[in-house]
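Asker: Quick note: the sequence shown uses this note's numbering, first residue 118, plus one each step.
What the hints contain is simulated information worked out from the structure, not anything from laboratory work.
In this text, a Cβ means the ideal position worked out from N, Cα and C, and glycines have one as well.
Warning: the hint list may mix true and false statements.
[To be verified] DSS-like, lysine-lysine: derived pairs with alpha carbons at most 30 angstroms apart: (1) Lys360 / Lys419; (2) Lys419 / Lys442; (3) Lys237 / Lys360.
[To be verified] FRET-style restraints, in silico, Cβ to Cβ: (4) Asp278 / Pro384: 53 to 63 angstroms; (5) Leu155 / Phe245: 18 to 28 angstroms; (6) Ser168 / Val327: 39 to 49 angstroms; (7) Val393 / Lys344: 19 to 29 angstroms; (8) Ile179 / Leu274: 37 to 47 angstroms; (9) Phe380 / Glu356: 29 to 39 angstroms.
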Amino acid sequence: MVTLTPVSTVSYEAKIAFLFLSVLEFAIGILGNVFIFLVNFRDVVKRQPLSNCDLVLLCLSISRLFLHGLLFLGAIQLTFFQQMKDPLNHNYQTVIMLWMIAHQANLWLTACLSLLYCSKIVRFSNTFLLCCTGWISRKIPQVLLCAVIFSCSCTVLCLWDFFSRSHFTVTAVLSMNNTELNLPIAKLNFFYPFLFCNVGSIPPFLCFLVSSGLLVISLGSHMRTMKARTRGSHDSSQEAHIKALMHLVSFLCFYMVSFCAAFFSVPLLMLWHSKVGVMVCVGTMAACPSGHAVILISGNAKLRCAMRTVLLWVQRCLKVRTDQKTEPRTFC
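The whole structure should be built from the sequences, with the hints applied where relevant.
Answerer: Written as structure tokens, this is what we have:
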């Protein structure tokens, strides 16, 4: 029988600091993704055609809104309701399960974005690869639809398996009244959907790596062919390569950090009962999608122009308020 470490307590100051950080990350992520959603949804309302990139960003912002909501819900659960005596209770398992599903959907949509960048920027000499990139560029809505269908199918299977095993856990505890059997069964209930979600994330992750690798190879080849040109000349192709790679490499870094934080949070929660360690992992996981949303806004011309318009409007409003406060009041 495995002996568990004593239950660790978290100070009130640490809880307040963690909650403040969670609210800040939640606000940044929600504002960034709501901004991306509204800018692109405005074109839908005006019946203006959306480009493939705008369509992918629209779907990606919706999935990240769910992701931020689940992370904030997990932070509240961890701060106020999570007891280390029962580190993996049903409510916390449900939040983690939904987060993994939203995280997988986010990965699928980012893989679609990387495929789109690859098909638009990379120029292949091979006829087969050229036909493939042309087909992907034309079929991005269908690729998005397939990604959404796969994510929904994964959601249904994971939730069905999770809640059916959870029902078995409750029945076993009530009938056998054996607390020693409860923890292994709960871990087993959580293990199978966790494994299924991670296996389902392999195809989009491979697509993302392959398309990003092709962009890197294309950039290197392009830079070698451009060495004969005069220095300082404007090269739009190289600029497009660098912007696309900035978006994709930043996502890869954020994804790996988030995955490692999620991976280490499980033993910290179940084996060592370190609530502070789990709080650090959850805070790291919440910071990753918020940071990538900021990078997407700064690297997209349409979003950057809309952000500049919003900032100018806010600046004018603040200036009007300041002028109203400084105006001398005349009394009759």
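Asker: Are Leu155 and Phe245 spaced within 18 to 28 angstroms by their CB atoms?
Answerer: Violated, at about 40 angstroms.
Asker: Given a hinted range of 19 to 29 angstroms, is it respected by the beta-carbon distance of Val393 and Lys344?
Answerer: violated (53 angstroms)
Asker: Lys360 and Lys419: Cα distance at most 30 angstroms?
Answerer: holds (14 angstroms)
Asker: For Lys237 and Lys360, compute the direct alpha-carbon distance and say whether it is at most 30 angstroms.
Answerer: With Cα atoms ~13 angstroms apart, Lys237 and Lys360 stay inside 30 angstroms; holds.
Asker: Assuming the hint says 39 to 49 angstroms, is it satisfied by the Cβ distance from Ser168 to Val327 or not?
Answerer: violated (23 angstroms)
Asker: Within 30 angstroms, alpha carbon to alpha carbon, are Lys419 and Lys442?
Answerer: violated (35 angstroms)
Asker: Taking 37 to 47 angstroms as the stated bounds, is the beta-carbon spacing between Ile179 and Leu274 within them?
Answerer: violated (21 angstroms)
Asker: Please check whether Asp278 and Pro384 have a Cβ separation lying inside 53 to 63 angstroms.
Answerer: The hint (53 to 63 angstroms, Cβ to Cβ) is violated, given that Asp278 and Pro384 are roughly 23 angstroms apart.
Asker: When you take the CB atoms of Phe380 and Glu356, is the distance between them in 29 to 39 angstroms?
Answerer: For Phe380 and Glu356 the Cβ distance comes to about 36 angstroms; the hint holds.
Checked against the numbered hints listed earlier, the structure breaks hints 2, 4, 5, 6, 7, 8; every other hint is satisfied.
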